[in-house]
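Whole structure, please, built from the sequences with the hints as guidance.
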Amino acid sequence: MQKTLVIPARARPLAFSPQALLPYILWALLTAGLTELLLFRMLSRVGVHIPKEGAVQDGYNLLTGAGSYAFNVATVLAFAAVVLLAHSLAVSRARVPAALVSALAALSLLFAFIEESAGARFAYGLVSAAVMVVLAADAWAGGRKDVPRRLIVTLVVAAYLASQYGTLANHAYRALGIGGSVPGSIGTLEASEALVVAVAFAMFWAWSGLREEGWRWRPPLLHIAAAAVVAVVFLGAYAGENSSTAAILSLWTLGLTLYLPLPLYVLALALYVLTFAACIRNPLRTNEALALGLLPVAGLTLEMTYQHLLAVAAVLLLARAVAVEQAVSAETSA
Amino acid sequence: MLRLSPRRAAVVVLGLALALGLLLTQLDLRLVSSQAMTIVAAETVVQVPPDDPWSDVWEQADAVEVPLSAQQTSVPKGGGSIRAVTARALHDRDRLYVLMEWADATRDMSAIAPQDFRDAAAVQFPASGVTSVPFFCMGQADAHVNIWHWKADWQADIDSGFVGIPEAYPNTAADLYPLQDDPDFYPGRAAGNLLSQTERSTPVENLVAGGFGTLTTAEKQMVGGRGVWRDGTWRVLFVRDLDAGGDAYAKFAPGRTTNVAFAVWNGSKDERDGLKSVSQFAELQLAGKPEAPGVRAGLDRTLVVVIILVVVVGMGTLVVAARVERRP
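Here the protein sequences come in this chain order: A and B.
Under the numbering used here, the first residue of the first sequence carries the number 1, and numbering increases by one thereafter.
Under the numbering used here, the first residue of the second sequence carries the number 1, and numbering increases by one thereafter.
Everything labelled a hint here was simulated from the structure, so no lab data went into it.
Here the structure is a predicted model, which means the values were calculated and not measured.
A virtual CB, placed ideally from N, CA and C, is assigned to each residue, including glycine.
There could be a bad hint or two in this list.
Claimed, not checked - Just some of the chain A residues that point at chain B, by a computed CB distance under 7 angstroms:
1) 24
2) 75
3) 170
4) 176
5) 216
So this is what it looks like as structure tokens:
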């Protein structure tokens, strides 16, 4: 990725297209998103255990302040990224996905400034779900017969649809004045969480290198160490007496209730980190690396418009693997 | 077509994003909107019976199924035997009524024996002076919560009279205690500890908290309610005036939105203290026009027109951009 983007220092001005901005914006969004996830959404919640005095308090305020700033930058970049991705879709004549994605971005911007009704929220949720479904269908209809990619996109979209079913039905019931509770909302929420675990395993199989190399697959020691550290930190935080960190990270930030056996989550997390590291290392897996980074920032339950935008960007990167790569090749050939 | 290095363009765009982020931070604005599940407390003109959670009046309230999970944040961790609670709410401009309903095959209304644990339920709101959503487990130091805790054994005390050792174990033999009716021998009761009382006016304890280990009985006990178990289902009703006074307590107003979280304890599964089923915060919106309309009120009427305009303009811009892009 880094090599393909190198531009000679004294190169004459190139023919600029909005798509050429996409890699920069996406990597910046991922950086800002992960920063706000750790310093804002997580640290401010873990902060209930931090002594509120002296240097510790100052450090806490500084870090959460930086996280809050990163959150605002990430929300701005999320709009920029989604608009650029929509533009990329429009250029490649994918008009329906382009229209839906731009409508979602427009609604997200509008809702940031007005107090929307239940009907408006339902409409927003429908547009978001429609984008997901169209992108999943697009992945199956595309020329690239990449079965693992199709399977993964389907699993990711199924997880989001299952997690959004209860919320969407709730908004619809309110908008239509229907009484009674939404049937099956708990079951679908649990199913979505199981799908998240399945997605981690599927991604590992498809993109870690295991599928290509089989029994000869040997991940770099650094990758194994990174996965092991994350898994041990997660397990340690979960099992320790002061156990809030893992629970907060999983529930507040990712939307997972951890109702399945804990070892499943630990294994899935370790494999996810291994896959992420393998994708970052492979220039041909830039889209996957970005998507794998953005998905945890978006989380599962999508309780903010910002999270909807991140989820759509991630699914778009997974479903249409050409987006960033096209942008890079266009830039280098210009 | 523009003649500009992509890297320079990226620097410009990222610089704009950083500056815009700074501006948003300075103005304390967020470029996001919540899309979380909302429980609407409909405004009712029918009188809501405060002692009948199975009243027909609840037919007019929207029901929302809220998922619960085991409490995994602070020791003792666990519970989670109740997977969901159905929540409803109503208000009559004077009082807020919150109804919780969940399936529980057993009716556990006693906690007098060491091996017995009662059924219980709780609703939690941000305290009225709070500016951000508190941590959902007991709040945090700078964002307190107000909790209403219904206890089945307190309900039994009200419904059937206080059950003490002699009533629970009628065949017990005890030594003679001189001055056993002297208040000095019951310091908890004399000190006003709610847990020690034998005569109760409400089965709901009003509590405040600002983090783990800070849960405290509130000074003012003004939350009413009643829990009734019927055919394997509990329904627990909480009732309180919209404005209880004081920043420590939740404050409600028609047309305003706050947050609400739920917790349920299943006594027959040994659930007590941190062993329980909890939800995250959902939104609670009190229907009706606010007494002092906000700047954003009234925009919903023109929302559809505005959305259509924005979408059309956005799509038009995209189409034009795409055509310019394809032009040789």
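Here is what the structure says about each hint:
Annotation: interface hint on residue 24 (chain A) holds; nearest CB of chain B at approximately 4 angstroms, less than 7 angstroms. A distance limit of 7 angstroms between C-beta atoms decides the matter here; for residue 75 (chain A) the minimum to chain B is near 4 angstroms, and the interface restraint holds. Because the closest C-beta pair between residue 170 (chain A) and chain B is about 5 angstroms apart, less than 7 angstroms, the hint holds. Of the supplied interface hints, the one on residue 176 (chain A) is violated, with its beta-carbon coming no nearer than about 11 angstroms to a beta-carbon of chain B, more than 7 angstroms.
Interface hint at residue 216 (chain A): violated, since its Cβ lies 39 angstroms from the closest Cβ of chain B, which is beyond the 7 angstroms cut-off.
Checked against the numbered hints given earlier, this structure breaks hints 4 and 5; the rest are met.
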